[in-house]
Amino acid sequence: MEKAEPRWGLIVNPNAGSGKCKKNWPTIQKLLKRAKLKTEIEFTERKGHAIEITKQFIKKGFHKLIVVGGDGTLNEVVNGIFTQNEAEPKSMVLGMVPVGTGNDWCRTFHVPTKYIDAIKLIRDEKTVVQDIGLVDFHNNTFPNRYFANVAGIGFDATVAHSANKLKDQGKGNALSYMLILLKTLLKYNSKPMQLKVGEQANYKERMFSIGIGIGKYNGGGMKQLPNAIVNDGLLDITIIKKISKWTVIKELKNLYDGSFLSHPKIDALQDTTISFAENQLKIEADGESVGQGPRNFSILTKALRVVGSIK
Numbered sequence: 000m001e002k003a004e005p006r007w008g009l010i011v012n013p014n015a016g017s018g019k020c021k022k023n024w025p026t027i028q029k030l031l032k033r034a035k036l037k038t039e040i041e042f043t044e045r046k047g048h049a050i051e052i053t054k055q056f057i058k059k060g061f062h063k064l065i066v067v068g069g070d071g072t073l074n075e076v077v078n079g080i081f082t083q084n085e086a087e088p089k090s091m092v093l094g095m096v097p098v099g100t101g102n103d104w105c106r107t108f109h110v111p112t113k114y115i116d117a118i119k120l121i122r123d124e125k126t127v128v129q130d131i132g133l134v135d136f137h138n139n140t141f142p143n144r145y146f147a148n149v150a151g152i153g154f155d156a157t158v159a160h161s162a163n164k165l166k167d168q169g170k171g172n173a174l175s176y177m178l179i180l181l182k183t184l185l186k187y188n189s190k191p192m193q194l195k196v197g198e199q200a201n202y203k204e205r206m207f208s209i210g211i212g213i214g215k216y217n218g219g220g221m222k223q224l225p226n227a228i229v230n231d232g233l234l235d236i237t238i239i240k241k242i243s244k245w246t247v248i249k250e251l252k253n254l255y256d257g258s259f260l261s262h263p264k265i266d267a268l269q270d271t272t273i274s275f276a277e278n279q280l281k282i283e284a285d286g287e288s289v290g291q292g293p294r295n296f297s298i299l300t301k302a303l304r305v306v307g308s309i310k
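Here the sequence shown is numbered in numbering that gives the first Met the number 0, starting from 0 and rising by one per residue.
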């Protein structure tokens, strides 16, 4: 008799959480076995590898995937799902055991940080369908990038770029992220930007930062898009205009509860598209540096079923 295919394809990033995943993998593996989840396991070996592994799993007939890693690994798996031609992305189910530094996607979807509870949620297959964001680039200098949570331009992208360098050296953690954030703030200057939000607003001025997304959180728990609803078919957009560094420091605590939106230099909008005139602005998606020169952001409505809840 032919052996049945395992139900779940596991994509494990051993470097996630500055090596925390590698250290805790034996425990996670035991919990997966105890939950009687049938799995096939693949480990990532380099940046971009999770995209390849995801496509291989889907080609083999897997429609259920689990990420064991952080937001960056999740982003790669999402891009693997949406850049393959074997299966309709809406037919997939994606779960996560969070072992990253920020775990911001999990905050929105109430995925527990305790491994045993996250695995129980996957076993029970409690799911919700979420929207997915997409960015393309001027002159096609970088491949289109999908994102499941939040993309950032300006200050956010500059911080992510430095944090990614540290992560690649195996040194990234919550403390180092805060140090990078403060160091970047001291050197950073607002960038000239020209953009159009759907048909409702045009901007041509210096901006401190722009957050565009599906979920509420980024930067390790900052509530940059507090009004975001993950399946309303709209991108939430937070535009922080040119502000002083002292103002940023004063407002930092308000970023964690979303109350910073009341500041007069901040606009909060919702739309299905946001487009940028030609530029060399860096961009991050789900905390990963993914290129520069963004042209257009759009949304795929109710595009992916994920394990979690939006209670």
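Because the hints were derived from the structure by calculation, they are not lab data.
Don't take each hint at face value.
To be verified - Using 30 Å as the maximum straight-line C-alpha spacing, the simulated BS3-like pairs for lysine-lysine come out as follows:
(1) Lys244 <-> Lys301
(2) Lys125 <-> Lys19
(3) Lys32 <-> Lys113
(4) Lys164 <-> Lys19
(5) Lys19 <-> Lys113
Said to hold, decoys possible - So the derived label-pair ranges between C-beta atoms look like this:
(6) Gln193 <-> Lys35: 32 to 42 Å
(7) Leu174 <-> Lys35: 22 to 32 Å
(8) Asp123 <-> Glu277: 22 to 32 Å
(9) Pro191 <-> Thr140: 40 to 50 Å
(10) Lys59 <-> Pro263: 45 to 55 Å
(11) Asp123 <-> Glu204: 41 to 51 Å
(12) Thr140 <-> Glu204: 45 to 55 Å
(13) Asn201 <-> Leu181: 27 to 37 Å
(14) Lys241 <-> Lys119: 38 to 48 Å
Backbone N, C-alpha and C define an ideal beta-carbon position, used for all residues, glycine too.
Exercise. Among the hints numbered above, which are violated by the structure, and what are their numbers in rising order?
Worked result: 1, 6, 7, 8, 9 and 12
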